[in-house]
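Chemist: The task is simple: from the sequences and hints, build the whole structure.
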Amino acid sequence: MQTKLAYFLRNRVYAYFRRRMSSFNYNSCIDVSQEVSEALRSHSPVVALESTIISHGMPYPANLQTALQVEEVIRNQGAVPATIAVIKGRVKVGLDQEMLSEFASLKTPAVKTSRRDFPYVLSKGLNGGTTVAGTVIVSSAVGIKVFATGGLGGVHRGGEMTMDISADLTELGRNPVTVVSSGIKSILDIDRTLEYLETQGVCVVTYGQNKNFPSFYTPESGLEAPYNVETPAEAAALIEKLLQLRLNSGILLAVPIPEAEAMEGGEIEKAINTAVKEAEDHGIRGKEVTPFILNQVISLTGGRSLASSIL
Numbered sequence: 000m001q002t003k004l005a006y007f008l009r010n011r012v013y014a015y016f017r018r019r020m021s022s023f024n025y026n027s028c029i030d031v032s033q034e035v036s037e038a039l040r041s042h043s044p045v046v047a048l049e050s051t052i053i054s055h056g057m058p059y060p061a062n063l064q065t066a067l068q069v070e071e072v073i074r075n076q077g078a079v080p081a082t083i084a085v086i087k088g089r090v091k092v093g094l095d096q097e098m099l100s101e102f103a104s105l106k107t108p109a110v111k112t113s114r115r116d117f118p119y120v121l122s123k124g125l126n127g128g129t130t131v132a133g134t135v136i137v138s139s140a141v142g143i144k145v146f147a148t149g150g151l152g153g154v155h156r157g158g159e160m161t162m163d164i165s166a167d168l169t170e171l172g173r174n175p176v177t178v179v180s181s182g183i184k185s186i187l188d189i190d191r192t193l194e195y196l197e198t199q200g201v202c203v204v205t206y207g208q209n210k211n212f213p214s215f216y217t218p219e220s221g222l223e224a225p226y227n228v229e230t231p232a233e234a235a236a237l238i239e240k241l242l243q244l245r246l247n248s249g250i251l252l253a254v255p256i257p258e259a260e261a262m263e264g265g266e267i268e269k270a271i272n273t274a275v276k277e278a279e280d281h282g283i284r285g286k287e288v289t290p291f292i293l294n295q296v297i298s299l300t301g302g303r304s305l306a307s308s309i310l
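Numbering-wise (numbering that gives the first Met the number 0), the sequence shown opens with residue 0 and increments by one.
Keep in mind the hints are simulated off the structure, nothing from the lab. Don't be surprised by glycine CBs; every beta carbon is placed ideally from N, CA and C. Careful: at least some of the hints might be erroneous.
[Stated by the list, open to error] Label pairs and their calculated CB-CB ranges:
1. Thr273 to Thr198: 26 to 32 Å
2. Arg74 to Thr198: 32 to 38 Å
3. Arg245 to Ser43: 18 to 24 Å
4. Gln243 to Thr107: 43 to 49 Å
5. Ala259 to Arg74: 21 to 27 Å
6. Arg115 to Val228: 31 to 37 Å
7. Arg89 to Gln68: 21 to 27 Å
8. Thr230 to Ser27: 38 to 44 Å
9. Arg89 to Val228: 34 to 40 Å
10. Gln243 to Val179: 18 to 24 Å
Modeler: Shown next as structure tokens:
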């Protein structure tokens with residue numbers, strides 16, 4: 000078996016790469032839209048957006064409506080949105096409205112795509128929704144420095160036993176991208192996630208009047224971030240110093256959900272606990288856990304958690 004594998008690698012795989020490497024470059028698998036490309040060349044602000052929120056996070060047509068609304072918010076602030084997804088085996092940076100519409104209504108579900116999944120998804124010509132980790136990787140590759148999302152992945156509840164830890168944390172520790180989010184998903188172990196981010200060298204900062212770390216659906220988790228910035232100028236200076244130092248690690252900038260739109264802490268925690276138990280009972284594992292729990296929480300809260308996550 001080993002001899003056959005060595006023969007295959009020498010005569011097929013290596014030969015293929017020798018033929019192709021002359022034309023390959025670092026982004027040979029990535030198509031950057033003209034709008035995003037021009038913005039990057041002119042040093043105009045660009046904000047990356049993930050696509051698992053479209054492919055796995057919300058049902059159609061709420062997923063499309065949310066994607067379009069988020070892009071509109073970014074444009075209204077003078078920046079260029081760059082939604083990132085894999086479409087028919089090509090990494091796309093910047094989707095137009097037609098592409099967004101088609102991606103949001105795929106008949107065959109897209110593959111939830113992180114670092115480990117890219118080679119397979121691309122080689123098979125599949126569609127993929129990029130996770131936070133996958134989006135951070137592509138953002139870093141093309142030079143996008145800021146990425147906005149709802150909630151970061153992290154250490155799952157019981158993760159000290161299962162070792163179920165999101166690759167989001169690892170990629171944020173190895174790529175100089177600032178992720179702006181409403182904290183870490185409430186369904187996770189936020190305390191252990193913050194500890195893991197420290198281990199990865201990620202600078203965790205809250206935006207607002209205090210260090211209270213948000214909990215996605217609620218503005219407070221009962222935990223504090225190491226640092227806090229109160230103005231856009233302070234946040235910009237933070238990002239600037241990260242890039243100047245060339246640390247090759249990222250920043251998590253946590254922006255709490257407004258009080259008026261937040262859910263009641265006891266209600267959401269009860270729903271999460273029930274959903275986690277259902278996931279365990281159904282034997283849900285790996286990258287299917289988060290979508291399953293989020294969908295169950297939406298059902299258990301009568302859709303109120305979905306409304307909060309859209310804001």
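Chemist: Flag every earlier hint the structure violates by its number, smallest first.
Modeler: Violated hints: none; all satisfied.
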